[in-house]
Amino acid sequence: MPTQTEKFSLATNGFTDIHDLTPRVSAALEKVSMQNGIVTVFVVGSTAGITTIEFEPGLRKDLPAAFEKLAPMNMRYHHNDTWGDGNGYAHVRAALLGPSLVVPFQNGTLLLGTWQQIVLIDFDNRPRQREIVLQFMGE
Amino acid sequence: MPTQTEKFSLATNGFTDIHDLTPRVSAALEKVSMQNGIVTVFVVGSTAGITTIEFEPGLRKDLPAAFEKLAPMNMRYHHNDTWGDGNGYAHVRAALLGPSLVVPFQNGTLLLGTWQQIVLIDFDNRPRQREIVLQFMGE
Amino acid sequence: MPTQTEKFSLATNGFTDIHDLTPRVSAALEKVSMQNGIVTVFVVGSTAGITTIEFEPGLRKDLPAAFEKLAPMNMRYHHNDTWGDGNGYAHVRAALLGPSLVVPFQNGTLLLGTWQQIVLIDFDNRPRQREIVLQFMGE
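Protein chains in written order, with my numbering: chain A, 1 to 139; chain B, 1 to 139; chain C, 1 to 139.
Just so you know, the hints here were simulated from the structure itself, not pulled from any lab data.
None of these values were measured; they are calculated from a predicted model.
Watch out, some of these pointers could steer you wrong.
As the list claims (entries may be wrong) - Covered stretches of chain C, going by a simulated chain B footprint (3 or more residues, C-beta under 8 Å):
id : region
1  : 31-42
2  : 48-56
3  : 60-74
4  : 101-109
As the list claims (entries may be wrong) - Not close to chain A: a few residues of chain C, all C-beta gaps over 12 Å, as computed:
id : residue
5  : Leu10
6  : Thr12
7  : Asn13
8  : Gly14
9  : Phe15
10 : Asp17
11 : Ile18
12 : Asp20
13 : Thr22
14 : Arg24
15 : Ser26
16 : Ala27
17 : Trp115
18 : Arg126
19 : Pro127
The beta carbon of each residue, even a glycine, is placed where N, CA and C say it ideally should be.
Model the full structure from these sequences, guided by the hints.
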């Protein structure tokens, strides 16, 4: 049984809102009962991304500030000319971060650091219901 | 048959040129006839990268503008002292974006959003013939 | 034997120190004796990241300069209010780059370009002993 797909959805606030997914990924790993392999954490959609960070209140302000510098919300974006939805900045940030993260596991445990959490960052300019895919491969 | 490798090459214009790879990846998935698993989309070389974006004309201008801010073409780069090829900016952009993207599939279909396309971005300062590797793992 | 885990540790200097991991990954691939598949290169911890770059002296200055622009060391970070450890910039840089890279291999060889090396970048503000996980999947 080399592949198992788990999905869940998550309500976000948008505006570079950061959510810790680690408990969900760990619980899913326990459920699929693989011992060794990888999990691909993937967010469906083009205005959110996945990475790891120490999930603590300071960085939850610092990382959005870095994204604001990288792709400011209130700059002019051609995307907004196309759709008028005002979230051009969110598309640019999501493309830079990427929608996918692969994490190895061994003996049934994710090989993360103690202060390293898997996070979803939702850049969109409104609350969203996000669909997350966990694709487990292993044995 | 857990692994299948597909390769194709693609002519680009360079200068942060963005190409939609989704139709090629979908066609390859059909051909390998796996139902559930992951595909690693990988670009060979150090001046291009892979991500997802909504592939529409506005963002095809906005994303290059963001990269120009991040690593401007006409700044001084030590890389150019080494090789004199003037593409130091392209190496820096490619390293920040990354050459690899992992996308899950289920029931023979890539689990992308409707407005989420897999793209190659070629940062080099000349047209290139790019080699793309699609590594399918699954069942 | 679809999954094999290799681990090694590496002494770094921190301060956006770049290390070429390619020889270690190639040697491990030879040892696991798989022919076709993927390797996930993962760094444990939240102040380092993995990508590819042409590993030459010029870019080893240019890439740190780009990160200094993106998330300057001496800016104010809320993370430093939390912990007082002064490495807020390192957490932000690592989250933007990501801790994980997936590289395909075929016929026992990594499918990298000639001038494309797998690198660890250690952003922390002190020397570290880093743990790297290589998760091989294939046949």
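Hint check:
For the region 31-42 of chain C, the assignment as covered by chain B holds, since 3 residues bring a beta-carbon within under 8 Å of that chain's beta-carbons and 3 suffice. Here the region 48-56 of chain C counts 5 residues with a CB under 8 Å from a CB of chain B, which clears the bar of 3, and the coverage holds. Coverage of the region 60-74 of chain C by chain B holds in this model, with 6 residues showing a Cβ closer than 8 Å to a Cβ of that chain against a need of three. With a cut-off of 8 Å between beta carbons, the region 101-109 of chain C has 5 residues touching chain B; three or more are needed, and the interface restraint holds.
For Leu10/C, the shortest C-beta to C-beta distance to chain A comes to about 15 Å, beyond the 12 Å cut-off, and the non-interface label holds. At roughly 15 Å from the closest C-beta of chain A, the C-beta of Thr12/C stays outside 12 Å, upholding its exclusion from the interface. Consistency note on Asn13/C: stated as away from chain A, and its beta-carbon is indeed over 12 Å from all of that chain's, at 19 Å minimum. Once the 12 Å rule is applied to beta carbons, Gly14/C is consistent with being away from chain A; the minimum gap is 16 Å.
Against the 12 Å criterion, Phe15/C stays outside the reach of chain A, whose nearest CB is about 18 Å from its own CB. Against the 12 Å criterion, Asp17/C stays outside the reach of chain A, whose nearest CB is about 18 Å from its own CB. Listed as outside the interface, Ile18/C is consistent with that label: its C-beta sits roughly 19 Å from the nearest C-beta of chain A, beyond the 12 Å cut-off. For Asp20/C, the condition that its CB be more than 12 Å from all CB atoms of chain A holds, with the nearest at approximately 21 Å.
Non-interface call for Thr22/C relative to chain A: holds, since the shortest CB-CB distance, roughly 19 Å, exceeds 12 Å. For Arg24/C, the requirement that its beta carbon stay farther than 12 Å from each beta carbon of chain A is met, with the minimum near 16 Å. For Ser26/C, the shortest C-beta to C-beta distance to chain A comes to about 18 Å, beyond the 12 Å cut-off, and the non-interface label holds. For Ala27/C, the shortest C-beta to C-beta distance to chain A comes to about 18 Å, beyond the 12 Å cut-off, and the non-interface label holds.
Every CB of chain A is more than 12 Å from the CB of Trp115/C (nearest about 23 Å), matching its label as outside the interface. At the 12 Å boundary, the C-beta of Arg126/C stays outside the reach of chain A, the nearest C-beta of that chain being 15 Å off. The Cβ of Pro127/C sits about 17 Å from the closest Cβ of chain A, beyond the 12 Å cut-off, so the non-interface label holds.
Hint check: no violations occur; every hint is consistent with the structure.
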